[in-house]
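Start from the sequences, fold in the hints, and give me the full structure.
2 protein chains.
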Amino acid sequence: MICQYVSIKTIIPLSLSSQPLNSLKSDEAGPKQGPTFQDGQRRVDYVLTYHIQKPQSFRRKTSHFGDYRILRSLRRSLSMMRGRDTPPPKEDPEVAAHKHRLDYHEDDKRFRQTEFEDNLREMGLELEKDEGNKIPGIGFLKIHAPWNVLCREAEFMKLKMPTKKVCDVVERINLFIRKATAPLHPKVEPNRAQNVKHLSHPFSREKQHLLLGNGVYSAAYPLHDILYDEWASYSVFYKYQPIGLIRKYFGEKIGLYFAWLGVYTQMLIPAAIVGAIVFLYGCATVDNDIPSMEICDPRNNITMCPLCDRACSYWKLKTACGTARASHLFDNPATVFFSIFMALWAAMFMEHWKRRQMRLNYIWDLTGFEEEEVSLCPCFGTCLEKKVKLTCTDRAPAYMTGLFTMLIMVGVTFAVVFGVILYRISIKAALHMSSNPTARTNIRATVKGTAAVINLVIIIIMDEVYGALARWLTLLEVPKTDKSFEERLIIKTFVLKFANAFSPIVYLAFFRGRMVGRPGDYVYVIGSYRMEECAHAGCLMELCIQLCITMLGKQLIQNNLFEIGIPKIKKLIRRRKSDMDSQQQEDYNMTLQRHEKDHFLGPFVGLSPEYMEMIIQFGMVTLFVASFPLAPLFALLNNIIEIRLDAKKFVTEVRRPIAARAKDIGIWYNLLRGLSKVAVIVNAFVISFTSDFIPRLVYQYMYSPDGSMHGFVNHTLSYFNVSDFQPGTAPLQPMHLGYEVQICRYKDYRETPWSNTPYDLSKEFWAILACRLAFVVVFQNVVMLMSDFVDWLIPDIPKDISLQIHKEKILMVELFMKEEEGKKLLRDSHANQSPLQPRSRPASHTPSNC
Amino acid sequence: MICQYVSIKTIIPLSLSSQPLNSLKSDEAGPKQGPTFQDGQRRVDYVLTYHIQKPQSFRRKTSHFGDYRILRSLRRSLSMMRGRDTPPPKEDPEVAAHKHRLDYHEDDKRFRQTEFEDNLREMGLELEKDEGNKIPGIGFLKIHAPWNVLCREAEFMKLKMPTKKVCDVVERINLFIRKATAPLHPKVEPNRAQNVKHLSHPFSREKQHLLLGNGVYSAAYPLHDILYDEWASYSVFYKYQPIGLIRKYFGEKIGLYFAWLGVYTQMLIPAAIVGAIVFLYGCATVDNDIPSMEICDPRNNITMCPLCDRACSYWKLKTACGTARASHLFDNPATVFFSIFMALWAAMFMEHWKRRQMRLNYIWDLTGFEEEEVSLCPCFGTCLEKKVKLTCTDRAPAYMTGLFTMLIMVGVTFAVVFGVILYRISIKAALHMSSNPTARTNIRATVKGTAAVINLVIIIIMDEVYGALARWLTLLEVPKTDKSFEERLIIKTFVLKFANAFSPIVYLAFFRGRMVGRPGDYVYVIGSYRMEECAHAGCLMELCIQLCITMLGKQLIQNNLFEIGIPKIKKLIRRRKSDMDSQQQEDYNMTLQRHEKDHFLGPFVGLSPEYMEMIIQFGMVTLFVASFPLAPLFALLNNIIEIRLDAKKFVTEVRRPIAARAKDIGIWYNLLRGLSKVAVIVNAFVISFTSDFIPRLVYQYMYSPDGSMHGFVNHTLSYFNVSDFQPGTAPLQPMHLGYEVQICRYKDYRETPWSNTPYDLSKEFWAILACRLAFVVVFQNVVMLMSDFVDWLIPDIPKDISLQIHKEKILMVELFMKEEEGKKLLRDSHANQSPLQPRSRPASHTPSNC
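Chains as they are written, first to last, in this note's numbering: chain E, 39 to 888; chain V, 39 to 888.
Think of the hints as simulated: they come from the structure by calculation, not from any bench.
The structure displayed is predicted, hence computed values, not measured ones.
Hints may be right or wrong, so weigh each one.
Since the list can't tell identical chains apart, any single copy or any two copies may satisfy a pair.
To be verified - In silico SDA-like links for lysine to any residue, alpha-carbon gap of 25 Å or less:
id	residue 1	residue 2
1	521	839
2	701	403
3	608	643
4	837	529
5	521	826
6	687	554
7	392	566
8	861	690
So, in structure tokens, the structure goes:
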């Protein structure tokens, strides 16, 4: 039925096939599927709806039974219409006063509608109107695209036309594997199509006389039920996705999204397993960890300096035992191995996806396809307004606005993070003032909890704000093409959302506890608040908790609330408007035709939100994996649900999206690549600066008297003479521990009070800093080299695909050679006749109607 | 004359042009240029030579007047022949004894020759033999490729066929620029062709009925004289190269090489200018440099520790004044700026080349071209031997051999470097033993000079050895295709030659002076030789001298001796063999035809040596640019000569190479990209570890009492108590300076003899090390980010080219639309007639002979 799917079983030498090829005129062939025009013959390919009473604006709408290949030019006209539609015509509050103007408006609209319809007819499309029989006030314009129009468009889009089957040699082992993994494959018929590939050639009517045959059948459409049962259901979460079907139903762009999501989820499996093992290793070795043993040792009698001015008193290091043991779970040598593993994993993932994309490009015959840039000219039918070419000076203000707004917004994000810090500091200070010890412990938990929740809520709210802001900024810039609009929007959204999601985490990983100062010389912010310190065993533990809350909370809330809840509510509201009870509603639904039912579904808003969510998750999984080895596991669990959730949404919740062709995932690939590059350096810094990995190594090999870790805790603590407290900062209750404290300890590498340069940074500090930086340099370069090696080792094009392409080329050459011989024979035979007579070569019987 | 260059002035609607298109049969059109067959009509496209007396082997030979597009299939047959030719048939020493066998051999050869010629004829080629009229013993087989064979091949190679001129709007400014730069452009007619672009479409005979017209002219061939006068001459060194002509004459592959060389040389101009400015800045500020002023200050009274055991004595720091001042020329803050500049320059160069390549691809109509892999099956005519498929196990030994040989050879390179070091150390020790002070100064210069020359000679000799070795190793691996063979060979050669050229430099930059130990605890190699130290102001100066010698020496010797000298000598020897005096020779030359003259030229050995030389130079320019800002200037001067030298060689010294198509410079691009990545980290290390940049900064901001550089020299020197010398290592003449020395100084950051931990690394050492490493991390990441930004900022496809491509697409669409309408009209008119009658549409008059 569709040009692209005309499949020819046998190639008959052209010199023999001289009968008229009427069979190709598929407009007249076979019974019709799906909704048709009144004549029951012509299929409805596309539906436009409009208000009959006040034909003030057109609403676009996609039929679920629309043709898979929506005409490009139709789409272009629609994007023109859309351009005209936004901003929507303002509601005039003084209707009566401007009656005349409104009439003019309506006339104008009606005129434009007529003009638009004429344009469609001129393009060769056939139209049928269906006005207000069921849904009052709404008219439907059904559009049918005849065969020859489809063919012309196919020509322009350089669709590929399959010509001959090339059967793979199905080896026995392959068969066995297929049988073994059979339960993993969705039960769909056209799965077979992925193994049998058609030899194809850029569609060209010029070439058609080569490609014509006598067997013609139209492609079967993927039925709604198959996708629903075998894809958009949680019960099939362990199965591969029917990507071929998804692509046929939703187009390549959405097909690629789900393929990408599938590859990502699949690749998360090994990462999740290794991450879990690393975590378990931490659990298993926690009892053998000498530093935490030393901290928890009851003989340990180290007196620590107070954690806040005046209100706090000295404390015993052994009270930090629990945190120290918990920290070991995430701060052990296996973490270093794991972050190297994850860097390579990211490189492998990118390569794996490139190959998968290449394979899909081949299977879907996209290899020769080039995306055409559709300009965003805000026109209607014919280009009424003149294209105003914007120069650099015209654009400068918009760019400047964009840049400054972005900077301000990133600043706002930081300010929010700082605000939460201040909240924590001030509440903590207030809490230490209180004299009630039970209130203290309760309030401490409350503060931590509320701070984390506030952070999360702010992130989620700002996420929505930033999304709207990015769209507004992009509109200001007036990008020239659809693609450029999308890319700019994505980049802006990405920067804002990324800063939003990661700034609290970055603060925890690299800044918290580093700008504290030292006893006797603390750093104060806004008057008299001391900056936050980390617990004894480093900030890694808190970073880990924050990551955990952000990942789980964000995913749960955004998935459940925003992706399921809100569309449901919207649908409900839309139904409620029509003022009918449920029984009535159901009866009413029964009478509706497909295109009328679809009217009640929400519109499709694009793939960007879905991708964005996944990219932020990818960032969480790769960027700070050194501090949270369970991240891939969390991501995996989320994605298994996410796939089916998205599938459900696409199949049942929104109007069927217009099928769009795409060769790759576009700018998302670049963002992923950028993230996996940044991940290397971020992980290097997390390992060397946030964790205690390097100080431990340095102690063991440079300072330890017996080469063991015994004495490490003592080594990390500097001495402070309490007489050096600044006036008014000494603890109010110096006898809190029951004895008078003269020397207290604090975590830093500084000179002793009795050295020549008391409290200066010590030689150990510089030695450890040098080692930390050396580790960063070595780690970054080694991992980058290994990633590049992986990149180079795995060819971008899978071997079987490149072989297949080569085979197809050879077949093509053979085909041409045969035709060449045929021509030669013909020429020779004609040479004997009169050469000036019009030749009756069958090859010239190019069927004029495609 | 050539299929590709048939240019049609006007497109006549096909429905109107019904006259027979004989004019396209260009075999019969126009007067012939160049050498022809005996009939004076058919052009000689290709020449094969063979021995008549003993037809034991075929020699291949390219005519200078050969057709630009040598048939692909012919070339394939030739590569088959070549495969059979190497190794050449062994000379049998016992000829008489094996007469019978020899006869068999000759018969076999003759049989194969006949078979091969038959195959050529079967392919449609026309042959003519020219046996021994002038050069005794040599027979020539002239080959002519008729028009229809060329067309068939063009079809397979998807050559593009120009169809219609699209004139650019030549703006006034452009015109002005063109006039202003006119002297820079070579005076060649077809230069115009670069401004006027033909609309083209993949060549296809199917499409030809669309593309036919009435005006036909054959392309003018670039005359030998034009290339010689306007390109291969030193007097035009300031002009652009006539790349279009070069490509027409030598093919795309060589055209791309010269285009690349041109872009590289052009890009070197700004780098050379900035480098020279940086050097001049060093010269200008040398008198204001406080550290060297302090060293040269006559009041400076610092006593330094002896530079060798026993023989050397204490010395005054002010004797190092000269070196310190010289070092400042290359070790100043401008160098840091320059290495950042060069990193960005490298990124810009890569981008610039990508754009240029894209532009050339567009102009040369290569956009749709895909390289086909030609397998290296060693066959002759028909594939006589069965293709043996090598499995991994078959290949493993070869790979292992390759890997181990490579490792051994890189080891050998390091051993050679170490040998030269030992040579220097031992001679220096011997020299210090001698009591004659004049001998000492003379010998010191001698040692440095000879060591540098030895290094250079070894590099040049090993270069040749490694070239041969890499070829042998690659042959062992039996690569499947031509391209894979070339790539493997290039990678191996690159690794070996690169290690060879850069190991002495890397040693100087990063190892010399670092494994010395300290007074009282020196590091000794091979018995009692102390490792080399650097001069006081760091090794940068020596690194600089080594780079200078390597660059100049290598370029001068390799260019002059190997590229000009040896080919000349070879030619001379070849002529000498023919036993004639010069007058006779000249007369004889006059009588020779072109294909006979070419017989005396050397064969073309490929572009790899040329590229390799340039890549090594690119490495010198980018990798160690921090230590030698004049490198780009040297490279620029060399390349200006190199271009014309290569041009001369290609035009006059070697047989005309077979024109090969190529879309890009292949693996060389990857190597360049790799080098420019490595350059960032190498420069970071050179700045932070080899130069004194970081210690100066640290001193100024952390230790200097007044924030100035005063006291820096003193700060870099540690104290040594002479009583701590190991027994037998103290100087023999302790009173050399005229007073008794108790404390001497040495360049290192170590504790004082009177501290608790004497001679341990001091806090300053660790602080400076941390700063050095921090600089590496920051520099690497900032420069990488900036490079990526440059990469992202500059689009890969020049804007005018992408616009042009878009325009062409639109024109193509218009063309198809017109034809569509024509067809429709025709169909409508035919519909009234009998549809089964053979249609007499003029469109079907596809001329059967192309």
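- Violated hints - listed by number, lowest first: Violated hints (numbers, rising): 6, 7, 8; every other hint is consistent with the structure.
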